[in-house]
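Make a model of the complete structure from these sequences and hints.
Protein chains in written order, with the numbering used here: chain H, 28 to 117; chain B, 20 to 384.
Worth flagging that the hints you see were computed from the coordinates, not collected in a lab. Since this is a predicted model, take the numbers as computed values, not measurements. Quick reminder that beta carbons are idealized off the backbone N, C-alpha and C, glycines included. Take these hints with a grain of salt, some might be off.
Unchecked claim - Some chain H residues judged to face chain B by a derived CB distance under 8 angstroms, without partners named: (1) R42; (2) A48; (3) R49; (4) P57; (5) R110.
Unchecked claim - Computed Cβ-Cβ distance ranges for the label pairs, DEER-style: (6) B/D52 x H/G89: 43 to 49 angstroms; (7) H/G76 x B/R248: 42 to 48 angstroms; (8) B/G70 x H/G76: 27 to 33 angstroms; (9) B/Q135 x H/E77: 41 to 47 angstroms; (10) B/R359 x H/G76: 50 to 56 angstroms.
Said to hold, decoys possible - From the derived model, a few chain H residues whose C-beta atoms are all more than 12 angstroms from chain B: (11) A69; (12) E72; (13) G89.
The primary structure of each chain is shown beneath.
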Amino acid sequence: MASGAGRPRLAPHVRLSYDQARQRYVLLTPETVTLLNGTGAAILELCDGERTVADIQAELQGRYDRVVGDEVRAFLSGLIARRCVELSHG
Amino acid sequence: MDRPLGLLAELTYACPLHCPYCSNPLNLGDYSDELTTEQWRQVIAEAAELGVLQLHLSGGEPLQRRDLVDLVGFARTRGLYTNLVTSGVGLSSRRAELLREAGLDHVQISIQADEQALSDGIAGTPSFERKLAAVRLVKKLGWPLTLNVVLHRQNIDRVGRILDLAAELGADRIELANTQYYGWAQRNRQGLLPSRAQLERAEAVVRAARTRLGERMEMIYVIPDYYSRYPKPCMGGWGRRQLTVVPNGDVLPCPTAHTLPLPRASVREHSLAWIWECSPMFQRFRGTGWMGEPCRSCDRRDLDFGGCRCQAFQLTGDAARTDPVCRLSPDHEIVAAAVRAASEPARPGETALVPRPHPDTRRRS
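Structural data, given as structure tokens:
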């Protein structure tokens, strides 16, 4: 699980993009397309390498009532395992 | 109907290399009337409207097109993720900087082996040092780097050293893909198909390397489908996720579908949307309705879509049959015999490879 103190950002080969044809956000790598829901896109827009996982959690909890901490961490852990997101510490 | 996700743009079949495993067509000369820059821009614009998100710029050698930077820049204005699939030959620092400025997202460079003599031998031209220079340039300009290595009988025993070289060069990803037998590769199959013993050794080396280097580098290993139990889910299903436009403007569900007895579909005559949605080329093997047995009643029909139509046609003469790679195919003996032959000692001369020649290209760009 992604630790709360790590600072996530997209890996260099990954691009977050809005897909006009499908009217949703997508995460693009050379071989994969991941369709995102609104929460996923909101999390990734905050992954700037400056905010910590805990910061992102707090920010989204302020924005949407239903976003729970574990949801942010589980989502990012999955993308870290797939090397779409990198986590820096310190 | 699904919308396509990826467009493979084979911009030109001109290439300075002569790799005997090339999947380009044997009749390279028939593709010399290439689309113009304006026509490619139109293709890219229509693809984006159709839902395409990824543009793979390939060939031949895409750097042979003088309008490559222009096409990358144009694709970026349409929001596409752009991926250059190159030999690295022709990537000068000036060209690389222009591509970087145009917004190219990702570069994949092929290497043929871990050392010069073998790499140049397989490529049929001195190219190894130029590839290394291109790799360094990609790293210097801050692109993520994927190395592509096509594995076959003549380099698979060096897979460990290839992985070490990739790590030393700072590759972020490496794709070790066993040869797929189409085009020139099919002509050279006897000299390219590895033995079972070679494959087993290579797989053990890759497993060990995952433990050793897995943190630093993502490794993708594609087994040769001749050795697999079930066929590959070719292109993720016919006309389902991907489309290919070849240098003369023909549109295909996969890069080798020109070999099938289906009516041509060209961007010179029809819109990309019509071709995707209505053309016989794309409709013929879409979904599962075309399937006969054993695919029709098979639990795996939505997983592998009956395998590869081009391989079925190439090996049986009927594109609607089950891919003979599948153990359940009544034609599986064709593949089993090729695999047995690959594990017998080769007779001299049997494994000589025919190099892919230069096409006679009259480029318009």
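Which of the stated hints cannot be reconciled with the structure, identified by number in ascending sequence?
6
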